[in-house]
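Chains as they are written, first to last, in this note's numbering: chain Y, 610 to 819; chain G, 11 to 115.
Note that these hints are calculated values from the structure, not bench results. Ideal Cβ positions, reconstructed from N, Cα and C, are used throughout, including at glycine. Treat the hints with care, as some may be off.
Restricting the straight-line Cα-Cα distance to at most 35 Å, the calculated cross-link-like pairs of lysine-lysine (DSBU-like) are [to be verified]:
| no. | chain 1 | residue 1 | chain 2 | residue 2 |
| --- | --- | --- | --- | --- |
| 1 | G | K19 | Y | K629 |
| 2 | G | K63 | Y | K677 |
| 3 | Y | K724 | Y | K677 |
| 4 | G | K59 | Y | K758 |
| 5 | Y | K706 | G | K19 |
| 6 | G | K19 | Y | K677 |
| 7 | G | K19 | G | K63 |
| 8 | Y | K677 | Y | K758 |
| 9 | G | K63 | Y | K796 |
To be clear about the criterion: a stretch of chain G counts as covered by chain Y if any three or more of its residues have a C-beta under 8 Å from a C-beta of chain Y, and this derived list gives those stretches [unchecked claim]:
| no. | segment |
| --- | --- |
| 10 | 55-64 |
| 11 | 84-93 |
Negatives, chain G to chain Y, calculated, CB over 12 Å [said to hold, decoys possible]:
| no. | residue |
| --- | --- |
| 12 | H17 |
| 13 | E20 |
| 14 | D36 |
| 15 | R37 |
| 16 | Q39 |
| 17 | A40 |
| 18 | S46 |
| 19 | P49 |
| 20 | D72 |
| 21 | P74 |
Each chain is listed here by its residues.
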Amino acid sequence: MAPEEPRADGQPGDRELVEKAQKGDGTAFATLVERHQRQLYRLALRMTGSEADAQEVLQEAFLNAYQKLPLFRGEAQFSSWLYRIAANSALMRLRRKRRAPDALADQPLELAGPKFSAEGYLEPTSSSDWSQRADERMMSGQLGAAINKAVEQLPDDYRTVFLLKDVDGLSNEDIADALDLTVPAVKSRLHRARLALREKLGEFFDEPAK
Amino acid sequence: MTTEIHHCKECVDLLGEYIEGTLPPDRAQALEDHLSLCPPCITFVRTYKATRKLCRHALVRDMPRELMHSLSSFLAERVPGFSCSESDKSAASVAPAADTAPKKV
Chain Y
610 MAPEEPRADG QPGDRELVEK AQKGDGTAFA TLVERHQRQL YRLALRMTGS EADAQEVLQE
670 AFLNAYQKLP LFRGEAQFSS WLYRIAANSA LMRLRRKRRA PDALADQPLE LAGPKFSAEG
730 YLEPTSSSDW SQRADERMMS GQLGAAINKA VEQLPDDYRT VFLLKDVDGL SNEDIADALD
790 LTVPAVKSRL HRARLALREK LGEFFDEPAK
Chain G
11 MTTEIHHCKE CVDLLGEYIE GTLPPDRAQA LEDHLSLCPP CITFVRTYKA TRKLCRHALV
71 RDMPRELMHS LSSFLAERVP GFSCSESDKS AASVAPAADT APKKV
């Protein structure tokens, strides 16, 4: 394995911990679990949509990772390798429930987006500025409900990419690895999801306050 | 030399990469030149950014403590030498049995 950059917090890096864990150091593996469990939980939760499934995916993924640790050669980041294991576990669980993303590819794609004139200029309906009001209504329960509804209406594979990137903060590369997509495909889905959500939020803010 | 952006649609298409800072410098400059002349696109950028901020605020989820404890207990039974952190140990000792019981995979 190539040397890795030192961590800002002075703690051993993933590669050092992986090497120790490969030699049987359970404490090193525990540190890796503690370090990555939150991101893996978010990935599992976003992919399965269920807290109970996320819990089981997490258990399965970390146990699989431990068992496969001797095979990890360090060509990829440890976190990416871990995401891939967790994503596979989530996909298998979804398939068992007959909700595999394979079937989602056939879903009709009805994503809203801004409207343009024939010349490519934004239509006035797409340019209402509600961003100033967003902060004031940040804590509003109605806004929260509108956001949840809008996100639920996204096609599953767009929603997962959006949540992992904009809500959970995973990198495009990690999302691509986990979901077996190319980085340009991640960027494209992300952008289209944002455009669709922006339209829905615009509709919410344009409604008279209830 | 930058290639000018004449239409809003082109501006909107580049927005995702622009706000992530991954747009090539000449395209970013062209987009900023367009924004300086196009109030609807300025509004669009503001609401696009606000969408991300609002969604993050409304949807962010942290891993529940109970789940961390049950994961630690699960792995401690299966991974030799795996040690829970001190906070996990103390929380596990007061948590109800149902929360800490390892699950079958």
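Going down the list of hints, with the structure as the test:
no.	hint	result
1	G:K19 with Y:K629	violated, 52 Å
2	G:K63 with Y:K677	violated, 38 Å
3	Y:K724 with Y:K677	violated, 50 Å
4	G:K59 with Y:K758	holds, 19 Å
5	Y:K706 with G:K19	violated, 40 Å
6	G:K19 with Y:K677	violated, 48 Å
7	G:K19 with G:K63	holds, 23 Å
8	Y:K677 with Y:K758	violated, 39 Å
9	G:K63 with Y:K796	holds, 18 Å
10	55-64	holds (count 9)
11	84-93	holds (count 8)
12	H17	violated, 3 Å
13	E20	violated, 7 Å
14	D36	holds, 19 Å
15	R37	holds, 14 Å
16	Q39	holds, 20 Å
17	A40	holds, 15 Å
18	S46	holds, 16 Å
19	P49	violated, 8 Å
20	D72	violated, 7 Å
21	P74	violated, 8 Å
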